[in-house]
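Colleague: Sequence:
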Amino acid sequence: MEEVRLQTAIHSQYQVFDASGQLPFSIIFGLCRRLPSDTDARPMVLHTASSFLDVPYAIAHGLLSLHEHHEEGGQETQVHLADRPRLSESKVGAYLTLSSPVGRAQHWREAVTIYQYRIDPNSELASVLQPGRKYTIRLAGKDLGVKWWAYGDNDQLPNNTEGSPTRASETAKLVNSKPSAGKASFAVVVELPHPPKVETHMRLCWNEESADDADGASALAISVLNTGAQPITVQTRGPQRFLVPWGPFQPEEVEASRPRIIDAASPAPSSGLLVVDAATGDVIREARKSGPCSGLTDSNADHRPKLETLVTLMAGEPLVRRVDISRLLDGVPDGKYRIQMQPRGVWWCVGSCTEIGDEGDDRVPRRLYQTRIPPLMLKTEDVVEVRIENGKIRNYHDIPHTT
Numbered sequence: 001m002e003e004v005r006l007q008t009a010i011h012s013q014y015q016v017f018d019a020s021g022q023l024p025f026s027i028i029f030g031l032c033r034r035l036p037s038d039t040d041a042r043p044m045v046l047h048t049a050s051s052f053l054d055v056p057y058a059i060a061h062g063l064l065s066l067h068e069h070h071e072e073g074g075q076e077t078q079v080h081l082a083d084r085p086r087l088s089e090s091k092v093g094a095y096l097t098l099s100s101p102v103g104r105a106q107h108w109r110e111a112v113t114i115y116q117y118r119i120d121p122n123s124e125l126a127s128v129l130q131p132g133r134k135y136t137i138r139l140a141g142k143d144l145g146v147k148w149w150a151y152g153d154n155d156q157l158p159n160n161t162e163g164s165p166t167r168a169s170e171t172a173k174l175v176n177s178k179p180s181a182g183k184a185s186f187a188v189v190v191e192l193p194h195p196p197k198v199e200t201h202m203r204l205c206w207n208e209e210s211a212d213d214a215d216g217a218s219a220l221a222i223s224v225l226n227t228g229a230q231p232i233t234v235q236t237r238g239p240q241r242f243l244v245p246w247g248p249f250q251p252e253e254v255e256a257s258r259p260r261i262i263d264a265a266s267p268a269p270s271s272g273l274l275v276v277d278a279a280t281g282d283v284i285r286e287a288r289k290s291g292p293c294s295g296l297t298d299s300n301a302d303h304r305p306k307l308e309t310l311v312t313l314m315a316g317e318p319l320v321r322r323v324d325i326s327r328l329l330d331g332v333p334d335g336k337y338r339i340q341m342q343p344r345g346v347w348w349c350v351g352s353c354t355e356i357g358d359e360g361d362d363r364v365p366r367r368l369y370q371t372r373i374p375p376l377m378l379k380t381e382d383v384v385e386v387r388i389e390n391g392k393i394r395n396y397h398d399i400p401h402t403t
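Sequential numbering from 1 applies to the sequence shown in the numbering used here.
These are calculated hints, taken from the structure and not from any lab test.
Careful: at least some of the hints might be erroneous.
As the list claims (entries may be wrong) - Here are the computed lysine-lysine pairs in the PhoX-like style, where the Cα-Cα straight-line distance is at most 20 Å:
1) Lys178 x Lys142
2) Lys392 x Lys336
3) Lys173 x Lys142
These numbers were taken from a predicted model, which means no experiment stands behind them.
Just need the whole structure built from these sequences, with the hints factored in.
Modeller: Encoded structure:
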């Protein structure tokens, strides 16, 4: 039978599957058509049902393999699910469109079609995954098991986009183009610790150095309120280590060691704020992203945060920081702009700075240092509107977020 090759990649969304369901978990797939094996200029449409993208069905039918790891000797055993009829029944699928590689200008990784199969914590597949154990899902062979696919434009998709295909499928078999497609490895826990809810707000205020200048409003007041019942301590600068979502090849965003916007010593608005042209919606100043080497450290280094990089959010007591934004707005043409905060995660633990330190150790104690935790997110939908005239802020308007 004729074969059409696709480059595929598999990864887990997180390193941990939270059996409680508080942290949504998916198996991530990346699919791409590449030259020179594929020279058809038409887009490709495929249906995910009963294919390697339909994870429970794929494991039960040998398209994917599920392996359980054993600590003794580093061995693993394959978990067979063919005797579970409910897993053998394919669920309703979806249609995916893969662009043609012919005439492609960008790197092939930028043209990858990404598909996520979410594992429901109440599903039969989830019941197989035992807390305290580690698992890996791999492609079992080159056959992708796609039952229906066709060439055509997006407007030629069947009307029932979530149902069974109504057009005849191409007869060629879709196969994986490489010996390996990566793997989705993860540990299973009963329930992950989660940070309490925090409320973050921002407004424009006077810079302390220009309080007597009527045109000197060039600072933001950032307030963070811990709505939980206990104090929590967060890391505001230095390398941050916590659970981050992955794509098929790499983390979706590397958490930089740049200071967070509430850091007292060196707040960095350029890495946490956007400046948007109010008239056009264009981003004038984008939040600075991590460099390609961000987060790389010596494998033998002590990754525990230093106590000097921590700040405590007391329950019910807002923490307020004044952040100078004059350099952020320096050189911006006259006009009206919106300042928005980019969400940023921080490492956290329960307790105050005065409670968690050990004598003679300038870092977070090992007993408290966990990295398999969701981050506490500093984010707000508040927007500050400013008008720049002759290089200065002449007036402003805060737009607090309301629910």
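Colleague: Given the hinted pair Lys173 and Lys142, is their Cα-Cα distance within 20 Å?
Modeller: holds (10 Å)
Colleague: Is Lys392 within 20 Å of Lys336, Cα to Cα?
Modeller: holds (11 Å)
Colleague: Quickly compare the C-alpha distance for Lys178 and Lys142 to 20 Å and report which way the hint goes.
Modeller: holds (8 Å)
In this structure, none of the earlier numbered hints is contradicted; all agree with it.
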